[in-house]
Amino acid sequence: MKAHTEYLVFETPERRALVNVTEKLGAIVAKSKIKEGMCLVSAMHITAGIWVNDEESGLKQDLMDWLERLAPVADYRHHRTGEDNGDAHLKRTILGHQALLPVTNGALDLGPWEQVFYAEFDGRRRKRVVVKVMGE
Amino acid sequence: MKAHTEYLVFETPERRALVNVTEKLGAIVAKSKIKEGMCLVSAMHITAGIWVNDEESGLKQDLMDWLERLAPVADYRHHRTGEDNGDAHLKRTILGHQALLPVTNGALDLGPWEQVFYAEFDGRRRKRVVVKVMGE
Amino acid sequence: MKAHTEYLVFETPERRALVNVTEKLGAIVAKSKIKEGMCLVSAMHITAGIWVNDEESGLKQDLMDWLERLAPVADYRHHRTGEDNGDAHLKRTILGHQALLPVTNGALDLGPWEQVFYAEFDGRRRKRVVVKVMGE
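Protein chains in written order, with our numbering: chain A, 2 to 137; chain B, 2 to 137; chain C, 2 to 137.
Rather than coming from a laboratory, the hints here were simulated on the basis of the structure.
Incorrect hints may appear among the rest.
[What the hints assert, rightly or not] Derived DSS-like pairs: lysine-lysine, alpha-carbon spacing no greater than 25 Å straight-line:
hint : chain 1 : residue 1 : chain 2 : residue 2
1    : A       : Lys36     : A       : Lys61
2    : B       : Lys36     : A       : Lys3
3    : B       : Lys36     : C       : Lys3
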């Protein structure tokens, strides 16, 4: 069994952003030389998530609007600590914070439209995502 | 380490459906001959998901009604592309699109009521789910 | 490849609770002697979930209030079976029921604020969580 670990670093200029990381993940899998296994992608900061969906600008805006409707910017108890990002913690909770991608024949085994996004809800600061490929 | 990969194919007659795949997954794990490991089940199309919950008809209807309330059929930006399935992308986002099932003593290690469902939100077309068992 | 499996048992005095299990998981990883791999944490009962977020009391209350808003206690079809926990099945669906934690250098590879919680939505009864560490 082999394991290969890398960390992606993000510092988005906007507070909220969707960054397509599919190519980066494919390159990490290639570098790992793992032929059969799984690739974990997990946001290490608790106001960011991972979204597997479509690279389509309208849908990406739909997602952000919809998350704002379900988990709006508001006055949360969490803000008594001095923070102002309560909504970001909840938005990431709906979205999920990780994905596990199958690796088959040395490449990500994704469906025809599956793209993997880093979803930032409280950006403008340095944040990390762990990528761990495991297999043989 | 061993890995065993199969693809389930669905083409539901209804646009929305919940299909219990627990038995099929158990059979794949048995075929893999893996005794200790993990079984990934992941929808390869971005308007479908995986739900781990109860095989109870009332609850399944409750789930579908509730998803419609949170992510209703509506006029999404995504529809400018000619699609009409914006709600399906969002419904699958709430539900999640994958599950990782532990394999112990050569079988799925599930709780007493855990059942695994393929959740279709834009059916009537051919779609795939990847199942990868990894372990020893 | 090695695999190490343990089961955590919960019987919370309250119907709803968030229990921080990060230390327990760290101890299981240490006991497994696995240096590189992944640790699956998965609720085996379908009215409980796993949440990876912040150990901050205000935020934890925000989460519970928000889940009640999105998936309220109400009269669900599921209750025709004699159950009264329809909301708990839906709350766990938003939250997710599992997390996969990377193991690097023999320890959980978590971000600075990542804490792992067992989320109970229908407690006062004995429930289990499976923890499986896999790697080398």
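Comparing the hints with the structure gives:
Restraint check: the Cα-Cα separation between Lys36 (chain A) and Lys61 (chain A) comes to about 32 Å, which exceeds 25 Å; the hinted pair is violated. A hinted pair counts as satisfied when its Cα atoms are at most 25 Å apart, and Lys36 (chain B) with Lys3 (chain A) qualifies at roughly 19 Å. At roughly 11 Å between alpha-carbon atoms, Lys36 (chain B) and Lys3 (chain C) fall within 25 Å of each other, so this suggested pair holds.
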